[in-house]
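A.B. asks: This is what each chain is made of:
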Amino acid sequence: MNTTSTARPGVLSGVRVLDFTWKTVGPWSTRLLTHYGAEVIHVERAGGWDDHRYNATPSIVTDEPKVAQTLGMKKVYSDPQFNTHRDESAAATERPKLYAAPYFNTLHNGKLAISLNTKSPEGLKIVERLIGMCDALVENFSAEVLPSWGLTWERLHAINPRLVYMSTSGFGHTGDWKTYRSYGPTAAAQSGLSLASGLPGKPPAGWGFSYLDVMGGWIGGLSLIQGLLQAKKTGEGCYIDYSVTEGAMSMLGTYMLDYQVNGRRTRRPDFPPGNRAVFPALAPHNTYRCAGRDRNDQDWWIFIACETQEQFEALCSVMEQPGLVLDTKFATNEARVTNQAELDQIISNWTRPRRRYDIMRKCQAVGIIAAVVQNAEDRVEYDPQLQHREVFPVIENPEVGGAFSYERYPVRLSRTPATVQTRAPVLAEHNQYVFGELLQMSEAEINSLRERGVI
Amino acid sequence: MTGVYEGLTVIELADRRNQWAGKLLSDGGARVIQVEPIAGSPGRWCGPFADDKPDPDLCIDYWWNNTGKQSAAVDVAQPAGRDLLKQLLAKADVFLESTPPGTLANLGLGYDAAASNRNLIYASLTDFGQDGPWRDYVANDVAHLALGGQMASSGYSDPKETPIGGKGHHAWHMGCAFMLHGITAALIERMGSGEGQFIDVSIHDACAIGTEAAVPQWMYYGSTMYRQTGMHANPKRQPPLQLPTADGKYMIAVMQNFGRPVWEKLIKWMDEKGVTGELHDPKYQDEAFRMSEYRTGNVIRDAIARLIAASDGEECFHRAQSYNISWGLVHAAEENYDVAHYRQRDYWRSIEHPRIGRAIPYPRGPFACDALGIEPRGRAPNLGEHTQHVLAHDLGMSADAIMALRTSGVVR
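Residue numbers (this note's numbering), protein chains in the order written: chain A, 1 to 455; chain B, 1 to 412.
No lab work stands behind these hints, which were simulated from the structure alone. Using N, Cα and C, we set each Cβ at its ideal position, and we do this for glycine too. Mixed in with the good hints there might be a few duds.
[Unchecked claim] Chain B is faced by these chain A residues, among others (derived, beta-carbon under 8 Å):
| no. | residue |
| --- | --- |
| 1 | Ser-194 |
| 2 | Val-214 |
| 3 | Trp-350 |
[Stated by the list, open to error] Simulated crosslink set (DSBU-like; lysine-lysine; CA at most 30 Å straight-line):
| no. | chain 1 | residue 1 | chain 2 | residue 2 |
| --- | --- | --- | --- | --- |
| 4 | A | Lys-178 | B | Lys-268 |
| 5 | A | Lys-23 | B | Lys-91 |
| 6 | B | Lys-86 | A | Lys-233 |
| 7 | A | Lys-233 | B | Lys-236 |
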């Protein structure tokens, strides 16, 4: 296994992070640091593994996944609507064993992995030694876990005064709800985010990509970079108590202030307004059904919006209904908002038999906001912009028998690029490096720890 | 009060896309000078407005996204205005801008021109990035949620219903989060090298990787997601998890823990409500059976739905949580003001608003951390409130020169 140096280029090269996170939101936050070259040591409990390695969802569980079929990225920009069968010839005939489930590979790429029994006194001693060698410590346990190991902030700070400690939790580590448990959708519900998504008069639609498991991690990762900056400036570490729910509420400030100032609630009959625009009120501003369906038999849709009179006039021309703009019901934005149900029907009649990417191209060519509702297939296979910007790079991993596609880290720095460094680690892949090289344990010590289940 | 961005000067070219990033820089202690058009940032005109009166100084969305900033109203379309911006950039640490690619280069304000200030971190947050076939396409927040895949995963189980892009400008938030990563990383790097750099963040790139398992699901298994009401999109249709309560609210009721202590408490609660049904059958004593039944069957799920239908939302939330069950209640954002927990965590910051004659409690921000010190430090500026100060203090201009610029409409 890997016993060589893990030094990687980047702004955070030389920064070492001890990562006790699991599931989704925490791992995202530490993964971000790997793109800047930080050495992130992901700790899994000895004898077990992170849930996402073998996610219980049947569709994810397999050690025989299809080989990524995006190799070469040579798909042309065409509407898959009338070409729904996939080019199976691109699939390799060999199917290498995957060392981790796809989502684990996505969330943990670039990290190191060790196993450790933190319930044993010996294991905890190792944790303390590692803390002394790290710049940051991250966990997304419940509030009581780290203190139950004796690792209060005071203790952590005493072991390593420069340590940045970030805890990610649903509700924070103080207050009445500090022991409450949460995952992304819990926090989305409690914060008010879920209620801000949906059609009026219907149940909340929520955020089906689990926004807070994703964005929660990105914001957590931000706090880590900020903490590292502050520690570098002051020489002092800090404790960041990050509540994902509070983070979500910090993206809903407008609604909260509107309530304070105007008494307007988000729990009201005409809110949320679907895909229509309220502030400012604009029409058209909605999704419209197009020709065809996806492979799950869901209709295909396009989003169209006109923010200016010129855009609406252009839309009338594209739809070959120039008379619309003269109709008093649609002549001004104000009139269009009043009559938007009727306008939406007119636009929908136009889009319904048409192909979504054709509509988008035609509208964008004359400056109208038009956006295909793209799913993952669309983005990976057909989106020419994402292909141009190499948002889904392919990395060869010969040692585990395959090449895999990854999601790029979307910050382009001109002098010090941030990149996807390498695949996710296999279970305990870096025990030798961390225990042998970093902690200078002998072969015999390591074997003894292994036999006793400490690692 | 200290802050992670203390001592920095940020020039922000007013735009709705980047203002939240500028806000967090300002909240973290940076001096953020927002250079706005004479008529005000587009962010001042979207509403909602205090008392619903359109007024650039009363826009609540602007208030929220521009806490603590300074406003200099400068017409950069005029050569004299451009020159003022150039002078400001010569002294700045960070330039945050969201103009369509090429716009500033055409005005002589591209990175190459601004980089004579070697310190400068030039941060461009744009819809599609600085290059590529869609570079000049137009978009707004919801358009990004469409193209980025958020909408394809959000909406209703009813296949006839539209995909939904949630409200609150979250595509812009996602772009801003990455831009803040980039700026902060560049600040760390600058401490060693003494040099700034150019940062290109595309909101579309950011959204495109922000759909949780959807992309790996496609890459590895060739399957796409079903939208499901109020819950995760999934490659297979699943039973509902967003369940109505007795008082007309909704619980997000995911069961992840089927251990004995949790199960016994749950059954006792169901007994109280008289909804247990067949769950007393001895076969449910086996944890593995419970897990498998929950995953593939309807008996436990139906009982949970009956339990929630027989309980009020707040009761459900607190009781479930006290049993270590991570259920959540769908709150409205404004209802969080009534929650003691957030008060105990010192979550609200009182910001004075002279125009309405009172202070308003603002959310603190995502982090409880004194060392980072990221929280609103003052209200958003009125349009052009700091023009005089910036021109006189930062650029050393005389009162006469400033008056001349005002008269000719270069500044306000």
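A.B. asks: Does Ser-194 of chain A hold up as a contact with chain B if the rule is Cβ-Cβ below 8 Å?
C.D. replies: Holds: closest Cβ of chain B sits about 5 Å from Ser-194 of chain A, inside 8 Å.
A.B. asks: Does Trp-350 of chain A hold up as a contact with chain B if the rule is Cβ-Cβ below 8 Å?
C.D. replies: Violated. Min distance 16 Å.
A.B. asks: Could you grab the alpha-carbon distance between Lys-86 of chain B and Lys-233 of chain A and see if it respects the 30 Å cut-off?
C.D. replies: Roughly 29 Å between the alpha carbons, so the hint for Lys-86 of chain B and Lys-233 of chain A holds.
A.B. asks: Between Lys-233 of chain A and Lys-236 of chain B, does the CA-CA distance stay at or below 30 Å?
C.D. replies: Outside the cut-off at roughly 50 Å; violated.
A.B. asks: Taking 30 Å as the top limit, are the C-alpha atoms of Lys-23 of chain A and Lys-91 of chain B close enough?
C.D. replies: Given that 30 Å is the threshold and the Cα spacing comes to 44 Å, the pair is violated.
A.B. asks: Please verify whether Lys-178 of chain A and Lys-268 of chain B have alpha carbons no more than 30 Å apart.
C.D. replies: Holds - the C-alpha atoms of Lys-268 of chain B and Lys-178 of chain A are around 25 Å apart, at most 30 Å.
A.B. asks: Is the hint on Val-214 of chain A kept, meaning its closest Cβ partner in chain B is under 8 Å away?
C.D. replies: Hint on Val-214 of chain A: holds, closest Cβ of chain B at ~5 Å, below 8 Å.
When each numbered hint is compared with the structure, violations occur for hints 3, 5 and 7.
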